[in-house]
Amino acid sequence: MGDGKINEPILKGIIENSEKDEKISKFLIDLLYEEAEHPGGQWRWRENYRKKIEQYLYNEVLL
Amino acid sequence: MSNIPDRINVEKGERDNLYDKIELFKGKSRKEQFLFAMAIGFKNKVKRRLETTDGFFLIKDMRLEDEVLINAIAINDFNSVEVLSNKEDVFKIAEEYAHAGIKLLYDKMKSTQFGSFEKQFEKDIIDAYKELNLGEYGEKNTSS
Amino acid sequence: MKIDKIILKNYRQFKDAEISFKEKSNFDLHVIIGKNGTGKTNILSAINWCLYGDEPNLSKDSRQLPLLNLKSMEEGDYGEDKEIMVEVWGKTLNNKFVIFTRKTIYNIYESGKNLPTRISSEFEVKVTDNKGNTEIFKDEESESQVERFVPKRIREFFFFDGERLDNYFKEATGQNIRHAIFEISQIDLLENRVESRLSDTLKDLRREAGKENPEIEDTRSQLETNEKQLKEFDEQIKECNKQIALAKDKIKDYDEKLRGIPDIEAVEVRRDEIKTLKQQKKELLDEKLKEKENLLFEYGKVVMLYSPIKQSIKIIEEKRKKGELPPTQDKSLLENMVKEKSCLICGRPFDADVKKRVEDLLKEIKLSSEVAKQLEYMEGPLHNFEDKVMNFNNIMQKITKEVKGYEDDLADYEQELIKIDAETSGYNSEKIKDWHKERKKFEDSFTQNLQKLGGIDGKRKDILKNIENLKGQLDDELKKEKKVKKLKNQIDFCTKALNVVKKTKEIIMSETRKKIEDRTKDIFFGLLWKKATFKDVKIEEDYSINLIHSLGYECLGSVSAGERELLALSFTLALHEVSGFDSPILIDTPVARISDEHRVNFGKIFSEVSSNKQTILLFTPAEYSKDIKELLDVRASNRFALKLSSDEKETRVEVL
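Protein chains in written order, with our numbering: chain A, 14 to 76; chain B, 382 to 525; chain C, 73 to 728.
Just so you know, these hints were derived from the structure itself, not from any lab.
We treat Cβ as the ideally placed atom computed from N, Cα and C, and that holds for glycine.
Each hint should be verified, as a subset may be incorrect.
[Stated by the list, open to error] If we take Cβ atoms under 8 Å as the criterion, some of the chain C residues that face chain A in the derived model are: (1) 212; (2) 214; (3) 219; (4) 257; (5) 261; (6) 262; (7) 266; (8) 418; (9) 567; (10) 568; (11) 580; (12) 582; (13) 585.
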């Protein structure tokens with residue numbers, strides 16, 4: 014975080030609006046970084062989104 | 382007693398060459414044209430004998446007031462009312478003034494610039510009025 | 073990111089040049105001075121070409137000139153390959169070094185052609201971190217690196233052409249600005265990627281759950297239809313807003329064009345009205361003049377004959393006094409009796425005595441009865457004529473006054489027509505009419521879209537309510553169905569995440585607009601030289617910018633080029649600052665449209681801006697006047713002069 018890829022106001026907004034639900038905030042920030050890595054928008058997002066939902070929902074990633 | 386004429390004459394050719402050339406006369410009857418020409422002649426104190434005659438309008442078409450004007454001129458010209466008993470003389474005087482008058486009017490029209498004859502005409506009439514010394518010509522009498 | 077240096081090889085006038093933008097003073101300000109034709113604008117082009125592969129700021133004529141340096145072309149042998157290269161070296165905030173390199177190889181006079189032929193082209197981005205690890209990006213990946221530096225679609229907010237800054241707000245309509253803000257502040261990343269894809273994922277999850285239970289499938293399908301409708305309404309609302317913004321923009325444009333120009337169509341209607349009135353008045357005047365002429369004719373004759381009329385009246389009056397009128401005897405009867413020597417009434421013959429008495433009587437009678445009768449008839453009309461003459465003055469005054477009234481009215485109409493002609497002369501009335509028509513078209517579009525928007529909004533609210541109900545229903549159904557427990561958890565998670573994204577987006581959108589408005593205002597009023605003229609800067613919901621005059625009206629259309637450029641600059645700086653997008657600002661011919669008196673102000677403004685933003689300015693020597701030079705020479709970190717070789721085929725960059 015803070016390496017300039019995603020603007021601070023967005024990161025702050027996600028965290029604040031997630032109302033301390035870290036699973037949600039980290040999931041979304043993860044998605045944002047992932048999307049920023051693919052400026053053209055062409056990547057296998059469909060399966061990755063599903064995978065990330067499962068990962069964050071069932072605590073498969075370290076929060 | 383003289384013979385009573387039945388018509389008023391003008392000089393031959395005068396009708397076409399003078400009367401009908403005057404813009405001011407358009408739409409006016411022959412009688413009105415004649416009386417006006419007569420007035421001009423009288424005002425300018427000129428009368429001319431007719432060398433030839435050409436009937437201009439019938440006397441029966443004249444109304445009383447028209448005849449009154451002709452009579453008044455004849456009385457003035459003869460300096461006697463007795464002239465009225467000789468209608469031939471009365472009308473002859475009128476014809477002579479008109480004969481001179483129409484020529485004056487025509488010449489005036491010819492000598493003025495196009496479009497200014499009406500103004501000149503108006504001015505002449507107003508000047509004639511002013512000469513009568515009946516009071517100043519102008520707006521101050523309008524309310525009366 | 074800042075630009076460290078630009079290296080140009082065989083690119084247009086630059087055969088071999090390097091321009092370094094190292095910060096050497098408190099001002100990260102860099103000045104390049106070059107006469108027209110030395111390639112000043114080509115530095116801006118080179119950056120565009122290197123980063124995006126195009127040169128949008130070049131004129132059509134310049135674009136047709138070969139990209140390969142002319143000298144290089146001449147020096148090359150037949151069939152030899154020559155490489156054009158532009159490198160932009162940059163440094164990010166977290167101390168990464170980035171080198172953007174674009175190379176194109178040309179073959180000289182291949183196959184006997186006069187112009188060199190492009191053989192190959194490549195673009196790469198090299199990123200080195202502070203530990204010395206280097207990554208090289210090519211193709212799509214290299215382009216994404218550029219997008220992080222300055223996104224292509226919003227580059228005009230970073231690389232300006234001063235000649236066009238005056239038109240900045242015309243070209244950058246609210247929609248463009250909105251777009252730029254969304255891109256710079258990454259709202260589009262949130263909206264078009266994360267939000268949109270989470271929505272699709274949510275739909276997929278629900279569809280899967282539907283497969284397990286027909287009831288769920290039914291509700292899901294209804295929900296999807298409603299959501300689809302909602303999306304359609306949102307699209308329509310977006311389109312309406314776009315049309316409203318466009319209409320507002322165009323109306324403003326036409327108002328500006330038409331300022332001070334009469335409404336030709338309205339003027340022509342008025343002209344026709346006056347012509348009709350004039351014609352009517354002319355007819356009335358002609359009638360009145362004819363009436364006057366008739367009166368002159370009728371009264372004139374009597375006036376000219378007034379003396380004989382008066383004389384006749386006098387004679388009649390005298391005769392009446394003497395008793396001659398009315399006549400008591402018939403003079404002609406007596407004359408006949410004398411002649412016949414007998415009384416013609418009783419038939420008795422006259423004796424001498426009687427005859428003498430009748431002859432004496434005849435001598436006394438002055439008037440014949442015929443004349444007397446005529447005189448009596450004349451009396452009434454003569455008095456009428458007299459009255460007429462007495463009334464002549466009044467009658468003439470009355471009609472003369474009436475004629476004058478008509479003539480005055482006519483003169484007034486004539487004056488007005490002359491005024492209208494003077495007002496409209498020199499204008500292309502057809503064009504102006506077209507402008508009015510066009511303006512009306514946009515005004516209609518504005519109203520229609522506003523009405524349409526109201527209609528859609530009502531329907532949208534109903535759909536939203538439906539969606540909420542269906543969501544609740546679906547949730548209940550999912551809860552009941554044990555087979556979809558896992559899917560239900562995922563759906564809940566996804567829904568929650570989606571709500572967070574939407575909320576964040578809305579907050580950022582509104583905060584960003586407000587922040588940009590506040591910062592634009594701060595910067596503009598901070599830099600403005602005459603502070604009392606304006607009261608406020610407003611950025612509307614649709615991102616159209618308005619400058620409010622101290623008297624309260626919108627005045628962007630009527631401000632000077634300098635003030636407009638300052639507002640554009642302030643807005644850009646605010647945009648950079650608020651979005652957190654750290655990029656240099658480069659302006660070609662920055663004071664081209666600025667009047668002499670304000671050039672120094674701009675010099676000061678650029679210095680101030682450069683104290684916390686890299687600022688590169690490209691001046692012509694004429695623009696870089698004595699005043700500006702005195703100010704910027706001491707502050708600029710670097711100053712360069714572009715010098716064209718004597719054969720005009722190569723430009724050298726001299727450090728001043």
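Now the hints, each set against the structure:
1. 212: holds (6 Å)
2. 214: Not OK, violated: residue 214(C) not within 8 Å of chain A, min 11 Å.
3. 219: holds (5 Å)
4. 257: Nearest chain A Cβ about 6 Å off; hint holds.
5. 261: It holds, given that the least Cβ distance between residue 261(C) and chain A is near 6 Å, below 8 Å.
6. 262: holds (6 Å)
7. 266: holds (5 Å)
8. 418: violated (147 Å)
9. 567: Status violated, d = 10 Å.
10. 568: holds (6 Å)
11. 580: With a minimum Cβ separation of about 5 Å from chain A (threshold 8 Å), the hint on residue 580(C) holds.
12. 582: violated (11 Å)
13. 585: violated (12 Å)
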